[in-house]
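*Asks:* Go ahead and model the full structure; you've got the sequences and the hints to work with.
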Amino acid sequence: MLDGDQGKAASLAMCILTKIGEIYDADKMVEIGSAHVLGHFGSLHDAGIHVLEKFAGSNGRYKVPTTVDPASMDLEMWREFKTPEAYAEKQLRLCRAHLRMGVIPTWSCTPYLHGNLPRYGEHISWAESSAVVFANSVIGSRTNRETVGLEVAASIAGRTPEFGVHLEENRRGDILVEVKATNLCDIDYNTVGYLVGKTFGNRIPVLTGLPQNTGIDQLKCMGAAMACSGAVAMYHAVGITPEATTLDHAFQGDHYSDRIEIGRTELKNAEEEISTVSGGKIDLVAVGCPHCSFDEMRKLALLLENRKIHRSVEFWIYTSKQVESLARKTCYADIIESSGAKISTQTCAVVSPINTWGFESVMTNAAKFAIVLPSEHKVKVIYKKIEECVEAAVKGKV
Amino acid sequence: MAKRVIVRGRGISSGLAKGTAIVTKQPFMFAHGIDVVTGTIIDERHELYGKSIAGKVFVFPHGKGSTTGSAWILENLRRRHGPIAIINLNAEPIIAAGAIMARIFFGIEVPIVDRLEKNPLEIIETGDHVDVNGNTGTVEIVKESRKPFRRRTPPIGTSVHST
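Chains P and A, in that order, are what the protein sequence lines are. Counting with numbering that gives the first Met the number 0, you get residues 0 to 397 for the letters of the first sequence. Counting with numbering that gives the first Met the number 0, you get residues 0 to 162 for the letters of the second sequence.
No lab work stands behind these hints: they were computed from the structure. Be aware that a few hints might be false.
[Claimed, not checked] For lysine-lysine, the following DSS-like pairs were computed, each having C-alpha atoms within a straight-line distance of at most 30 Å:
| id | chain 1 | residue 1 | chain 2 | residue 2 |
| --- | --- | --- | --- | --- |
| 1 | P | Lys-89 | A | Lys-63 |
| 2 | P | Lys-62 | P | Lys-320 |
| 3 | P | Lys-379 | A | Lys-63 |
*Replies:* This is the structure we're talking about:
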């Protein structure tokens, strides 16, 4: 493949993968079952367009099922969301390059909810740090935190160098996180993730104390926060995730090198620490990081039913096109929009130029939004649970 | 008299570059951490905030942050306002992929060397002249010997301000 017998794109892809494999002492390449690639102009820049167009132009085709992360704008209502014309044109070039190579146009950070569901133990090549954590931890498939270019190369070649968490021994838990707080609500999972990532960077935490009824949405949010405040590629939750049936299983029979306890006090302090201001007027409430599932949309609709969002506040819910279309088949989209809230699909506040709105303060229930938005868009952030976000949106302030 | 030190490491990305070092002991985040157009560091939480890495030999422990990092490096290099060489304790895929793609797609060579036999964060200081050989993994550090500071007795009648 490297010598071009399978075309120029495959040869380019193998050139990148081989070099990375050499650097990380990979013994071999492993075949992958799926890929998840990045496609937002906000981070890919002109250089990313060049790379993708080069691959697409030399007949690059995704060899394995390949989904794509959110775009840097709502792909249908980008004008309504004040996306500059020139910016939109660049995003659309990226979209065309991906489509030409055969991407499944999901434009969502939750590929596992949209048809890209790898099996346990399967090697995959995924970018999007929150999806990587989910795939490794909750599903038990195997991917490193692939960076821009590598995921595309891997999907074109259908393989990736075997190093990092592709190898069994590198999936061993390293630190023990004892969650002592009880009655965890949705935001607490975000905050636990934030604390773990912040404290332990890129190591592999093993969590105990999470309730048996912990759901997929909660695990999704916890992993997203971990991957963002640290560089966590996977976690284990004893009795909940597949490579952690017992504590011993998660640590592969070895000892942990460090431990922390997370009680109600730690959660409360962290919640305050994540916010950059404690109150005041708010301009935007942003929810859906990672993208809302149908169930999260349903819960939002119940909270927003018969409420009116304050006229000075925007309330945006980020989700995929698929979840939105399900919401439209039910009463939930209507309820949400009657309150004045908007459903924005195929994008999110992290990757789109929301600064064209001139927002000064943003409120959110998602730790990842709260961590990234202040530096990305120079806004103040208030991080509170969803019920409080809705109350504040109705009043216009906290 | 300049003092020369030669240390060996591992060449991650090939190429030759000579220039002035900018050094930090903090891990560095390219994604959202750098103005790709100018090479200025825009991460307010980083100690090099406001400084530029354009045209410098950038010495830092390792990368961190979003998986989009390689695209930020690539754009910064494409605009010719990136570092001319990188020295890491341990390079990781984000940094390595950025440099590899810069060579493949834009013909820009940015040598990267890591795993030096001596800790580069201790032996290289900002302002040192550094010669990086990514082909052999060799780094040569030239330290200009500074003239000893002589305290001058101020003329009588002038006040001395502490600065």
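*Asks:* Is it true that the CA of Lys-62(P) sits at most 30 Å from the CA of Lys-320(P)?
*Replies:* This hinted pair holds, its Cα atoms lying about 24 Å apart.
*Asks:* Keeping to a limit of 30 Å between CA atoms, is the pair of Lys-379(P) and Lys-63(A) held or broken?
*Replies:* Given pair Lys-379(P), Lys-63(A) holds - Cα atoms ~23 Å apart, limit 30 Å.
*Asks:* Given the proposed pairing of Lys-89(P) with Lys-63(A), does the C-alpha separation stay at or below 30 Å?
*Replies:* OK: Lys-89(P) and Lys-63(A) at ~27 Å, within 30 Å.
The structure shown violates none of the earlier numbered hints.
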